[in-house]
Structures are given as C-alpha cells and as structure tokens.
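**Student:** Single-letter residue listing:
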Amino acid sequence: MQSDATTPVAAAPAVPPAPAGRTLPDGQALLSVRGVKKVYHTDGGDIEAVRNLTFDLARGELACLVGPSGSGKTTLLKVIAGLLGATEGQVTLDGQKITGPPKKMAVVFQEYGRSLFPWLRVADNVELPLKNAGVPKAERKARVNEALEAVGLDAVPRSYPWQLSGGMQQRVAIARAVAYQPEVLLMDEPFAAVDAQTRADLEDLVRRLWKDLGMTVLFVTHDIDESIYLGGRVIVLSSSPTVVQEDLVIDLPDERDQLETRSLPRFTELRHHVYEQIQLAKRGHRPDGAP
Amino acid sequence: MKTLKSAGYLILLPVLLVALWWVGTSGEPNFFVPTPAQLVDTFGPTWFEGRIATDVLPSIGRLVAGVLLAIVLGIVVGLLVGLNRTLRALTEPVFEFFRALPPPVLIPVLMLLIGVNDSMKVAVIVSGAIWPVLLNTIEGVRSIDPVQNETSRSYGISGFARIRYQVLPSATPIIMAGVRQCLSIGLILMVISEMFASSSGLGFTIVQFQRSFAIPEMWSGIIVLGLIGVVMSFIFQWAEARVLRWYHGLKEVENAV
Amino acid sequence: MTVVIDPTKAPGAPRPARVRRPGPPRWVLGLVGVLVFLGAWELLPVLGIVQAKYLPPASEVIVALVRDFGLTAFWVSVGETLLAWALGLLMATVAALVLGLLIGGSGFLRRFTNSTIEFLRPIPSVALIPLAVLLYGVKIESSLLLIVYACFWQVLIQVLYGVADVDNVAMQTAKSYGFSGWQRIKDVVFPTVLPYLMTGIRLGAAVALILAITAELIIGSPGLGREIALAQSGGAISGMYALILATGLLGMLINVGMRTIERRILGWHPSVRGEVIA
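In order, the protein sequences belong to chains A, B and C.
For the first sequence, this note's numbering assigns the number 399 to the initial residue and increments by one for each residue that follows.
For the second sequence, this note's numbering assigns the number 20 to the initial residue and increments by one for each residue that follows.
For the third sequence, this note's numbering assigns the number 230 to the initial residue and increments by one for each residue that follows.
Chain A on its own, in the form it takes in the complex (with noise of 0.2 Å):
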C-alpha cells in the first residue's frame, strides 16, 4: 500500500479552511478549546509557546494531541487544566470557563515518580484526593479499591510507590485519577519513561478503563504509533509557536489489539501520513491561514 500527502487519507480534509481542529455546535461540546494563546515573559524576551488553538472535545471521545517536541504540547495540557492562565483565548469545561483546576478534572503526569507522593503508600495516594474533596471514609475505601483492581494493582496497596516499576507506578497515578472519577482525563506523555512491553499494556489499560468508565480522554503523546493506536481521533500540532495543523479521525476497527491493529494496512496509512506530517511541522511548514 503507497499513501503520499498529496492523496486525502479518510475524513481529513484535504485543505483545512483554517488551522483549527475540529468544532461542534454551541452546547454539544464537552470540552472546548478556542483561541488559546500562551506567551511566557522570561528574563530572555516573550516566549510565544501557544499561538492560536481551537478545537472541541465532545463527551465520551478519547483525542490524543501530538506534535513535534517543544510545540507546545505540555502549555496546552497544563492550559486545559487549569494550572496555568491562557493569555488569549479560553477554554470551557460543560460550558464553564476554566480559571483553575476543575473538580471534573483529573491529570497523569509524564513523571509519575515525582507526581506520586514518595511517603505515602500506595492505596494512600490513591485514596487522598477524595479524602481532599470530603468523600465519606466507607465510600472512599471502596472507590480505592475498585480503582487498584481496575489497574491490576489490587495486591500492593501497603508498599510505597518507589517500591514499584515505573510502569506499576503509573498505574497507581492512573488509579488516582480513575478513583477521582473525573469526566475529563488529561494525560501528559504518561508511557515516555516506561519500556516498550509495559507501554503496551498501560496503553490497552486506559482504552478498557476508557470504555469501562465512559470518561473523556485527552492524551498527550510524541509518539506517533501511539496516537494511532490509542484513540479515535489524532490532533496533529505544528511546531512552535503552535497551531493545529491538522485534526484526522482514525477509522480504525473500535476492537484494537496490539498485534492485529497495528498490523493493519490502514494503520501503516495513518502512521505515513502523520509521520509527513509531523515531519512538515519540524521543518516549519505552517496551514494555510496560519496566523
């Protein structure tokens, strides 16, 4: 199979009328993103990391966002979040502005051994937001427990998390957030510091938990494969200072398997033309219309 960028892949458009993701009408969108600037003011000069996003998430859909390295994928997550202030632009959670991290919010950090705190054990961590947020002792029990075992880490929950592998002690952070039982997960290059077989398993692990729980996924990733792999939709980002370049629904088969999906010639297309992709955005190329 021979795929160019010439040729349209599925419902991607072949030309964008502007660089931005793809939008839902007002009130079906779960999640919004419109506009979204982010300048840092540093001691060297402004910074511009962020120049112009918008895109909608709508409730249930698992997007993954990937782009070239310092395009800004982490000022976007961390933006979305709520951990830092947009300087243009806005983001609306269920029609609410963003102003500081929403309750239906919950964030895996890519450095899982410093998001995991060292002196607290294992089914602690899980269990201290909703202790934070005022959940009856009982309640939280169960919803700690139900967490490990959706993570397959129901037998550890007295060890600390510098007693796991890296790959366990993501599923502890995953547990957490699970366990906080948010509609929207943001995800931040959660499986860049773990080996290749246990990022195979973690990324079968948030699909099931993702089909299980019927939350909203937003997941952060340099990987290319792994964007494919993972969701039904690719937000591609140009290089810094960062606009969508491309937003493409992955029309893979919803029963994805390690082995068989990506062994699918439609799963070499996808990567092709993601890869040129982001190949066109690490040498500067910009959509049209680009501001």
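Treat each hint with caution, since some may be false.
Below, computed lysine-lysine pairings styled on DSBU-like, alpha-carbon distance capped at 30 Å [as the list claims (entries may be wrong)]:
| hint | chain 1 | residue 1 | chain 2 | residue 2 |
| --- | --- | --- | --- | --- |
| 1 | B | K21 | B | K270 |
| 2 | B | K270 | A | K529 |
| 3 | B | K270 | C | K415 |
| 4 | A | K529 | A | K502 |
Just so you know, these hints were derived from the structure itself, not from any lab.
Because the structure is a prediction, the values reported are computed rather than measured.
Since the structure of chain A is provided, determine the placement of chains B and C on it from the hints.
**Tutor:** Using the frame of chain A, we list chains B and C on its own:
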C-alpha cells in the same frame, strides 16, 4: 556466634580505652585525671543526693522547652515565609545574618533584655537554636518539586490540606537535618547560659567544681553532659528513622540503580 | 549573598526559560528587608518600648561599629578569633581526614570503632570547658581544645561517608592496572571523598566559629567573644552590640567564603553536594 561477634565489636574498643585509662592513672596520682574507681565512687554521691532534682532536671526541662519551642516556631515561621516568594526575598539577608551569628553572643543580649532567670535561658536556647530549623524549612518548602505542586493543584488540594499532606512531608528530610543541628546548638546554649549567668543548673555546677578544684566531681559532670548528648542523639535517631522511613527507603532504591 | 544549589530543576519536560515574575528584583526586596529590620530596631528604643540602656538604637550601634573599624584593638581581636578558628579547623580536618581514610578503608576498623564514635560524637564540646580552663587557662589552647573536638566529628563523619561511597568497580579497575596503595588513595579514594570532605569542612567552619566565640565569652581566651563579655560587664552597651554585629558579619563572611571555595574546588563535580542526612 554472630551476635557474640557483633557484641565484641561493640564493646571491645570502649573496654580497651577504659583499661588504658585505668593503667594510665594507676601509677603516680594525676591531678587532672582521676582513676576510674575514684570517678565511679564520686558519681553517685555527687549527682544522686539532691543535685539531680535541683540542677540536672531543671536544666533538662529548660533544654526540652527551648528546643521544642525552637522546632515548632521554626517550622511555622519557615512555612509562612517559604510559601511566599516576596516574604522569602524580604527576609533572606536578615535571616542569613542570624544564621551566621554565633548563638552564644545572644546570651549577654538576652541577659540585658530579659534579666537573669529561667525565661532568659529558654529564650537563649530558642533564639539560637531556631535558625537551622527555620532556614531549612524555608529551603525545604522552596525546593518542593513542581510536579508535586501541580498534582496537588489539579486535585484541588490546597490551603491547610496541601501543607499537611504535601508541603510538610516533602520538606521533612531537610527539616530533620535542621532539627539535628538545633538539638546540638540547644545543648551548647543550655550549658553555657548556665556557665555565663546562673547560680544553679548543670553548667553552673560543673564550673563550680572546676573552680573549687573538685576534679573527680568535675569529670562526673562532664560525663553527665556527655550522657545527655548521647541520649538526645539516640532519641533523635529513633524519631528520624520513624519520620523519614519513606525517605531512607526511597534513597536506597535510587542508589541501587 | 550566594545562591544555594537548586537540585529541583525539572528534567524532561521542556520548561520554558525562567519565567519573569512581576515586582521588584530579589536584591531590592532583600535590601528593603534589611532596612525594615534596622528601622524596627531604631524605633524600639526611640519609642520607649525597650529601654535604650538595654537596646540602643541601630544608628548608635552602627556608629560604634564604624568607630571599631578604625581601631587596631578591634582588628587584633578579629585576628585572634580568626586564628583560633583557622588553626582549630585545620587541626581537626587533618586529624579527621587521616583517621577517616584509615578507619574507612578497613572493614575491621570501621566495626571496631563504630560504637565509640557514635558515643563520643554527640558529647557537646562545651562539656570540656572546665577541663580546658584547668589545663590551659585563658590561653588560645582552650579555644583550640573545644574547636578541634567539635569540628573533628563533623569532618570525620563526612570522610567516612565518602570512603563508603568509593566505587568498587573503580577500585578494582585500579587494582587490576597495578596501582600501588598510595596511588589508589590518591587517584580513586581521594577524588570520591573530596566533595564529602568539603561538606564536612563547611559545616565544621560554622561550628568552629561558634566554639571560638564561646571559649572567648565563657573562658576569656583572647578574641571578639572576650571583648563582648568585657563590654557587657563594663556597661559599654552600644559597644557590645557593635561587637555582636561584627561577629555576625564575620560569620556571614565565613559562610560565603566556604561556599565559594567549595564551589571552586568542586567545579568539576556534577553536583555540589548538600548535607548528608543520615
């Protein structure tokens, strides 16, 4: 067999040293160094017939009060200052000065300001021993991992809960290093505040023995001070091992890689 | 003012360059802090909250300090304090380094001496004050006894940590290349121990100053501490405060100096080490 061997390692050198001392003092009587037997004979009558209640326990009480106050105040103020960037910048040079100020010079100052009494001695201990705890708390809070902060924020853990569950535990290793210094400075200040300005207490008593050339009694006092130091160190190590169990485990794992 | 090492720079995530914060720069705030402190000190006696005979206003003390700077006697005292400080620190360091390498290099000696070290180390060196007085009176040797005892343990413990940290593979490599015992110490052990040694010396330097001043204050051996005691008993209160200010400045100078030396010597080292917490 194994325990016997480790017990041997534990006591062999101390036994040798005492033997050396015994041999060294058994010939000509030495004015400065009593024989082990003399020291043992004087120890009981010197301390257990009254002085333990009139001098030793009050000294220890002041020490404990001063050190506890220094630790609590140091951590509270350290948290307040450490969490506020502006406050930190404002106080840094002044605090660096007080850290660098040798604490014994505070004795004459507080004698003037408070007078010679128990609260002055406690104040001396607090004002000298607070700095390592205070500055280490500030440093511990300042160097908190940004990912930990973002984790707390994204889960809505803020205010007091954040201090209780995130800030304080993550700063504990550095704070404990400060507490260790705080204890040894506190002990130094307890002794010398009594030597400089007092008519009772352990430090005063030992200097009295020296002035009246009661040499074995003086040595017995040095031993009492040494024992207090050793006991404090054991208590600290015990507490530290409990509080920082997670930290030592973490370091072990990191070093093994 | 030196900036302490920052071990928490996040690796990985491409964080943007240092984000500029609004507001005045740090040094301006620090200066404001100093001025506020001096202002409060000035006002306390002026407003009568504290009697001026117990706490003279800051301006008066600073004037006294500046006057001291012009007096030979003041500098002689500073010199005496620094001499005891430097000699004591040097003697303690040499003794601790030699013994530390010796003990640390042999598993037998480590176990043999461990209990004794753990017992002697926490003994406060001020307990030796009466002994120092008996043996040396008000001579500098009194200061040295206290300083050496206190600093010795600080340095020794760090050297022992350092020797324990020597890389086994490096040691075996050196052996297989036929390095002599002395070469192994010089080329393998010492470079590993050096950062620990510097930490020990830095900690010891602060302790040495405390004990130098203590000995001068309590025993009356020559130096700034004795001048403080004399000023106090002679009722020269602003003179006393001026001398106290001087000891604080001396302490800051020593701290900054030691950190600079440490950084210079360990410039090659990946991390200028913090304290060992153990």
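**Student:** Confirm or reject each hint.
**Tutor:** Against the structure, the hints come out as follows:
no.: 1; hint: B:K21 with B:K270; in the structure: holds (28 Å)
no.: 2; hint: B:K270 with A:K529; in the structure: holds (28 Å)
no.: 3; hint: B:K270 with C:K415; in the structure: holds (28 Å)
no.: 4; hint: A:K529 with A:K502; in the structure: holds (16 Å)
Hint compliance for this structure: no hint is broken.
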